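Q: Residue numbers (the working numbering), protein chains in the order written: chain U, 1 to 92; chain Z, 1 to 306.
Check each hint, because a few of them may be wrong.
[Claimed, not checked] Examples of chain U residues lying across from chain Z (beta carbon under 8 Å, computed):
| # | residue |
| --- | --- |
| 1 | Thr19 |
| 2 | Pro43 |
| 3 | Arg74 |
| 4 | Thr75 |
| 5 | Leu78 |
[Claimed, not checked] Calculated lysine to aspartate or glutamate pairs in the DMTMM-like style (CA-CA distance at most 25 Å, straight line):
| # | chain 1 | residue 1 | chain 2 | residue 2 |
| --- | --- | --- | --- | --- |
| 6 | Z | Lys262 | U | Glu72 |
| 7 | U | Lys53 | U | Glu33 |
| 8 | U | Lys79 | Z | Glu170 |
| 9 | Z | Lys262 | U | Glu33 |
| 10 | U | Lys6 | U | Glu33 |
| 11 | Z | Lys137 | Z | Glu25 |
| 12 | Z | Lys137 | U | Glu72 |
| 13 | Z | Lys262 | Z | Glu223 |
| 14 | Z | Lys262 | U | Asp42 |
| 15 | Z | Lys137 | U | Asp76 |
| 16 | U | Lys53 | U | Asp76 |
| 17 | U | Lys79 | Z | Asp270 |
| 18 | U | Lys79 | Z | Asp230 |
| 19 | Z | Lys262 | U | Asp28 |
| 20 | Z | Lys137 | U | Glu33 |
| 21 | Z | Lys137 | Z | Asp230 |
| 22 | Z | Lys216 | U | Asp39 |
| 23 | Z | Lys262 | U | Asp76 |
| 24 | U | Lys79 | Z | Asp130 |
| 25 | U | Lys6 | U | Asp41 |
| 26 | U | Lys79 | Z | Asp231 |
| 27 | Z | Lys262 | U | Asp18 |
Just so you know, the hints here were simulated from the structure itself, not pulled from any lab data. The model shown is predicted, which means the values in this text are computed figures rather than measured ones. Quick reminder that beta carbons are idealized off the backbone N, C-alpha and C, glycines included.
Given next are the chains, with one letter for each unit.
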Amino acid sequence: MAMRQKIMVLYLASSALDTPVVAWAFYDGTGDESHMAGDCDDPPYTTGLAALKDGWRLIQANPLSGHSEGNEFRTDYLKYEFLFEQLVQINE
Amino acid sequence: MLLNSTQMAQFAARGFLRMDSVVPEALNQQFLADVGHVDEDLVETPGSHYARVMSTSAVPVVPAGVLLNDAYPSGSALNQLMNLPVVAGAIQSLVGHSPVFDHHFLHITFPPRFYESAGAVPTSQHTHQDSTIDPRKAFDIQIMYFPHDVTRDMGGTRFVPGTHLRRVSEAAIGRYQNVRGQQHMVCPPGTLLFMHMGVWHGGGMNTSERMRYMFKIRLGPSERQVRLWDDSDLPNDHFQQRPIFWTGKRENVDPIHEILTKSEPWFEFDTSRLEYLNRIRFWRYLLGDESFDADFWLTRVENEFA
Numbered sequence: 001m002a003m004r005q006k007i008m009v010l011y012l013a014s015s016a017l018d019t020p021v022v023a024w025a026f027y028d029g030t031g032d033e034s035h036m037a038g039d040c041d042d043p044p045y046t047t048g049l050a051a052l053k054d055g056w057r058l059i060q061a062n063p064l065s066g067h068s069e070g071n072e073f074r075t076d077y078l079k080y081e082f083l084f085e086q087l088v089q090i091n092e
Numbered sequence: 001m002l003l004n005s006t007q008m009a010q011f012a013a014r015g016f017l018r019m020d021s022v023v024p025e026a027l028n029q030q031f032l033a034d035v036g037h038v039d040e041d042l043v044e045t046p047g048s049h050y051a052r053v054m055s056t057s058a059v060p061v062v063p064a065g066v067l068l069n070d071a072y073p074s075g076s077a078l079n080q081l082m083n084l085p086v087v088a089g090a091i092q093s094l095v096g097h098s099p100v101f102d103h104h105f106l107h108i109t110f111p112p113r114f115y116e117s118a119g120a121v122p123t124s125q126h127t128h129q130d131s132t133i134d135p136r137k138a139f140d141i142q143i144m145y146f147p148h149d150v151t152r153d154m155g156g157t158r159f160v161p162g163t164h165l166r167r168v169s170e171a172a173i174g175r176y177q178n179v180r181g182q183q184h185m186v187c188p189p190g191t192l193l194f195m196h197m198g199v200w201h202g203g204g205m206n207t208s209e210r211m212r213y214m215f216k217i218r219l220g221p222s223e224r225q226v227r228l229w230d231d232s233d234l235p236n237d238h239f240q241q242r243p244i245f246w247t248g249k250r251e252n253v254d255p256i257h258e259i260l261t262k263s264e265p266w267f268e269f270d271t272s273r274l275e276y277l278n279r280i281r282f283w284r285y286l287l288g289d290e291s292f293d294a295d296f297w298l299t300r301v302e303n304e305f306a
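Use the sequences and the hints to build the structure in full.
A: Next comes the structure, spelled out in structure tokens:
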């Protein structure tokens, strides 16, 4: 038996895990599922907390960082990124 | 046929204007003939079709930097398209009287059988912002022309309204597979999508049996983009502030204030406010008037004393 990762990336409305999902992505290391840009218009979970309750393990969260002088109002990348994993056994 | 103030405010807030079926069908057919469309059965591979279209198409090879007026031969489908009153008016409203041609390209997405026969796996295009980091106040537009009907399974261009003011670096946002509020172009023939250069977008996967064509033209301004539209409909109280939060019964609300402070489904709680600030700054640029504000967002943070 070997293990593979399934990765889910959730972007939330704030740094709190119990706030709504605004964007998401999936990468399936088992190869069972194929995901791509634009393949679903509805979030997989309402919040990050809902994903935890469904068994996803949080492995990384974006830290909060200060706003440099002159760039206080600049917007760029989605701010609240959370990476989750599931470990799945596969038959080799 | 210039844009009106409401349309311009929609563009400022959401980064796009969609015009369905504004190109006559005869012109759509002429365009498809000009680019060298052939029946799908006559296409061997995506590569060979692109090569043939590129070498035989009537679409001219145009150097970047020429004026749009000089880009397309008189009588050609693209020249007629640019001169349709609704198209010429929108272009003038957005990028002025003498817009500069940047580039154009015919995007073709092929049905799955073309990939399967080559042992490849069809996929959609990653979400991206075109060109590169672009911090200008001035802006370019991208006109997306859909010459035939686009059904959902044809994978019409996907885009995320309201992302145009975010400064990101092209494909760096490829991890954003899906974003709440994303739209997929499903449209009748002759539809145009006018997009601010910064809108996040990507081509969808075509799972239909038909090839899909989308022609994109990028244009830049050659003048300051101030009140180039028909601003005669700006409300008289456009520069007045309205009550915030404790609003009572709002009556005769200036629709532009509403448009500039309307949230998108993907907005984060805190940065949604920054989006409003940046939209208001963009609207000030378009008005040529630094005194405009909506819901006190900029006035509040500008209330500084020497």
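Q: Give a verdict on every hint.
A: Hint check:
{"no.": "1", "hint": "Thr19", "in the structure": "7 Å, holds"}
{"no.": "2", "hint": "Pro43", "in the structure": "6 Å, holds"}
{"no.": "3", "hint": "Arg74", "in the structure": "6 Å, holds"}
{"no.": "4", "hint": "Thr75", "in the structure": "5 Å, holds"}
{"no.": "5", "hint": "Leu78", "in the structure": "7 Å, holds"}
{"no.": "6", "hint": "Z/Lys262 <-> U/Glu72", "in the structure": "21 Å, holds"}
{"no.": "7", "hint": "U/Lys53 <-> U/Glu33", "in the structure": "22 Å, holds"}
{"no.": "8", "hint": "U/Lys79 <-> Z/Glu170", "in the structure": "17 Å, holds"}
{"no.": "9", "hint": "Z/Lys262 <-> U/Glu33", "in the structure": "36 Å, violated"}
{"no.": "10", "hint": "U/Lys6 <-> U/Glu33", "in the structure": "10 Å, holds"}
{"no.": "11", "hint": "Z/Lys137 <-> Z/Glu25", "in the structure": "36 Å, violated"}
{"no.": "12", "hint": "Z/Lys137 <-> U/Glu72", "in the structure": "17 Å, holds"}
{"no.": "13", "hint": "Z/Lys262 <-> Z/Glu223", "in the structure": "29 Å, violated"}
{"no.": "14", "hint": "Z/Lys262 <-> U/Asp42", "in the structure": "21 Å, holds"}
{"no.": "15", "hint": "Z/Lys137 <-> U/Asp76", "in the structure": "15 Å, holds"}
{"no.": "16", "hint": "U/Lys53 <-> U/Asp76", "in the structure": "30 Å, violated"}
{"no.": "17", "hint": "U/Lys79 <-> Z/Asp270", "in the structure": "10 Å, holds"}
{"no.": "18", "hint": "U/Lys79 <-> Z/Asp230", "in the structure": "37 Å, violated"}
{"no.": "19", "hint": "Z/Lys262 <-> U/Asp28", "in the structure": "36 Å, violated"}
{"no.": "20", "hint": "Z/Lys137 <-> U/Glu33", "in the structure": "42 Å, violated"}
{"no.": "21", "hint": "Z/Lys137 <-> Z/Asp230", "in the structure": "21 Å, holds"}
{"no.": "22", "hint": "Z/Lys216 <-> U/Asp39", "in the structure": "23 Å, holds"}
{"no.": "23", "hint": "Z/Lys262 <-> U/Asp76", "in the structure": "19 Å, holds"}
{"no.": "24", "hint": "U/Lys79 <-> Z/Asp130", "in the structure": "21 Å, holds"}
{"no.": "25", "hint": "U/Lys6 <-> U/Asp41", "in the structure": "20 Å, holds"}
{"no.": "26", "hint": "U/Lys79 <-> Z/Asp231", "in the structure": "36 Å, violated"}
{"no.": "27", "hint": "Z/Lys262 <-> U/Asp18", "in the structure": "23 Å, holds"}
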